[in-house]
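Asker: Below, each chain spelled out in residue letters.
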Amino acid sequence: MTFSLYARRRARNLIAQTLAILATLFGLFWLVWIMWTTLTKGLGSLNLALFTQMTPPPGDAGGMLNAFYGSAVLSLLGIVIGAPIGVLAGTFLAEYSRKSWLGETVRFVNDILLSAPSIVLGLFVYTLVVAQMGHFSALAGGIALAFIVLPVVVRTTDEMLQLVPSQMREAALSLGVPQWKVTMQVLYRSALPGIVTGILLALARISGETAPLLFTALNNQYWTTNIMAPMANVPVVIFQYAMSPYESWQELAWAGAFMLTVFVLGISLLARVIVLRNKISHD
Amino acid sequence: MNATIFPSAVAGKRDILDARADRGFRWLVTGAGVLVLVSLAAAALSMLWGGRAAFQKFGIEFLWRDAWDPVMQDFGALVPIYGTIVTAVIAMIIAVPISFGIAMFLTEIAPKWLRGPVGSAIELLAGIPSIIYGMWGLFVLVPFLAEHVYPWVDANLGQMPLAGALFSGPPLGLGMGTAGLVLAIMVIPFIASVMRDVFLTVPTPLKESAYALGATTTEVVWDVVLPYTRSAVIGGIFLGLGRALGETMAVTFVLGNAHFLTTSLLEPGNSIAATIANEFTEADSPMYLSSLIALGFVLFLVTFVVLTIARLMLRQLARKEGN
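Sequence lines, in order, name chains A and B. For the first sequence, position 103 (counting from the first letter as 1) is numbered 102 according to numbering that gives the first Met the number 0, and the numbering increases by one without interruption. For the second sequence, position 165 (counting from the first letter as 1) is numbered 164 according to numbering that gives the first Met the number 0, and the numbering increases by one without interruption.
It is worth saying that the hints were derived from the structure and are not from the lab. Misleading hints may appear alongside valid ones.
Stated by the list, open to error - Cβ-Cβ distance ranges computed for the label pairs, FRET-style:
no.	chain 1	residue 1	chain 2	residue 2	range
1	A	133	B	64	27 to 33 angstroms
2	A	220	B	159	46 to 52 angstroms
3	A	39	B	96	26 to 32 angstroms
4	A	133	B	307	31 to 37 angstroms
5	A	39	B	71	44 to 50 angstroms
Said to hold, decoys possible - Facing chain A, from chain B, some residues (calculated, C-beta under 10 angstroms):
no.	residue
6	131
7	291
8	295
All of these numbers come straight from a predicted model, not from anything done at the bench. Each residue gets a CB set at the ideal place from its N, CA and C atoms; glycine is no exception.
Construct all of the structure, not just a fragment, from the sequences and the given hints.
Answerer: Structure (structure tokens):
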């Protein structure tokens with residue numbers, strides 16, 4: 000009786016462990032498949048024209064220069080608008096609202112904003128900016144991306160400032176340094192790698208965002224530097240070209256998808272390296 | 000601090016300036032914090048405002064009307080809502096057990112040297128932009144399923160009584176089943192990493208006592224780790240659900256964009272997010288546009304509720320941890 004119970008428990012354990020290993024392999028299987036597809040199809044359609052020519056009309060060869068430029072502008076707008084507000088709001092949470100109901104509420108809402116569907120934020124900016132201005136624009140796209148940057152930066156700034164030892168605050172304050180100077184010159188300096196990491200993660204997140212740009216920056220087949228006009232950008236071009244029946248467009252979409260993946264994963268890797276190096280130096 | 004209250008008595012000019020700057024900075028950061036609060040409320044209100052025409056015309060019935068006719072200006076949200084729920088449910092049915100397995104592997108089974116790399120690889124999956132999932136789904140997964148999997152499903156499972164209706168239909172490849180699978184692949188890394196992180200918060204003495212009493216790894220995970228982290232695990236699952244409900248690009252590629260109700264998972268359908276993404280730039284009348292924004296409002300409400308539950312559940316464990 001005892002033996003059979005023992006055997007049964009061991010068998011159950013073995014089965015569960017095998018299933019867990021299979022589950023992990025299942026997860027890794029898709030990763031490998033997706034990366035392999037992006038790599039082979041992307042490398043196959045990669046060429047110099049991608050970086051030197053404009054997006055082509057149907058059936059023609061061309062590149063994505065205007066889309067790369069547009070994506071850079073849109074991401075920059077998103078970061079420039081979103082990151083400073085995010086850092087300030089994160090400072091509010093970590094330094095100015097400990098244990099207050101307002102701080103708790105803001106933190107809670109920020110967490111929800113962090114995982115809110117980006118398409119909803121896109122619609123929000125559409126009614127807020129595009130509907131008021133009467134036309135799509137890169138500026139509206141930048142604002143939509145800023146709303147995605149904001150919660151990421153708030154969260155990381157909040158967490159990083161909380162990691163700063165309170166002795167540093169106390170030491171500075173006891174010397175008579177006003178609190179804003181403590182924040183700017185002591186806390187920010189100490190939490191800088193973490194805050195930069197947050198901004199990098201936000202950048203990685205917005206550079207692949209497609210849905211909010213459909214309603215805000217839209218697309219543009221031509222080169223433009225006017226941020227009040229619709230602007231081409233990599234994700235929307237990929238979307239449009241991949242959904243099209245033209246083979247040359249689809250190939251361009253794969254090349255764009257490859258570049259996008261490399262960029263996004265590169266940024267996340269960089270963010271990770273910064274965090275890791277910082278962690279080691281602190282211990 | 001006294002200097003700010005009695006500036007004239009002891010404070011010099013510099014102290015006054017500092018006090019002023021201090022107040023200004025406090026206002027600045029408070030303003031930024033409140034802005035976060037306001038932006039969520041503003042998002043809800045602006046969509047309610049943008050969708051007011053649709054809500055006025057169709058009333059609350061908008062939610063369960065199955066019409067979607069841009070020519071007749073007749074709109075209802077039933078088909079997109081149905082598609083959203085079905086795809087998200089499929090995604091969760093696949094993703095939850097798989098994520099649990101991955102989290103168990105990463106915390107209890109894998110040798111130490113393997114945990115870091117495998118964990119990073121799974122997180123890498125979360126970093127891939129959703130449009131890449133969509134393209135891969137459309138160009139690779141859809142043809143594969145249409146050729147190798149769905150014909151078999153239709154021939155074998157499609158004949159079952161009752162459940163057969165779910166699995167019969169033309170093997171197009173596009174459809175709610177495919178969308179659910181792609182969604183599952185996308186949310187697995189999210190749920191798995193939350194589960195792994197909360198499993199790691201279980202105090203080691205607790206686990207060691209169970210091992211010392213002769214418990215197997217499975218029993219430790221099932222009877223010690225899981226009860227300790229139950230609320231946070233549910234929170235992680237809801238976090239994944241929130242993502243699955245609102246995911247746009249991946250679903251748009253593989254769902255087929257068809258506005259009719261079907262019980263079959265093999266047939267094309269539509270979801271709220273995919274409808275908005277597909278039709279927004281084509282919406283040529285104010286009522287059409289308003290209906291799409293009203294759909295967005297519905298999506299916002301649903302994800303808001305799901306995410307609130309998720310955060311409340313996750314918070315319970317943090318409270319137990321004492322921080």
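Asker: Each hint should be assessed against the structure and marked as holding or not.
Answerer: Here is how each hint holds up against the structure:
Between residue 133/A and residue 64/B the beta carbon distance is about 31 angstroms. The supplied range of 27 to 33 angstroms therefore holds. Here the CB-CB span from residue 220/A to residue 159/B is close to 50 angstroms, well matched to the stated 46 to 52 angstroms. Distance hint for residue 39/A and residue 96/B: a CB-CB separation of about 31 angstroms, consistent with the stated range 26 to 32 angstroms. For the hinted restraint 31 to 37 angstroms between residue 133/A and residue 307/B, the CB-CB distance of approximately 35 angstroms keeps it satisfied.
Between residue 39/A and residue 71/B the C-beta distance comes to about 46 angstroms, which sits within the given range of 44 to 50 angstroms. Given the 10 angstroms rule on beta carbons, the hint for residue 131/B holds: about 5 angstroms separates it from the nearest Cβ of chain A. Checking residue 291/B against chain A: minimum C-beta separation of about 8 angstroms stays under 10 angstroms; hint holds. Proximity of residue 295/B to chain A holds as hinted, the smallest CB-CB distance being about 4 angstroms (cut-off 10 angstroms).
Of the numbered hints listed earlier, not one is contradicted by the structure.
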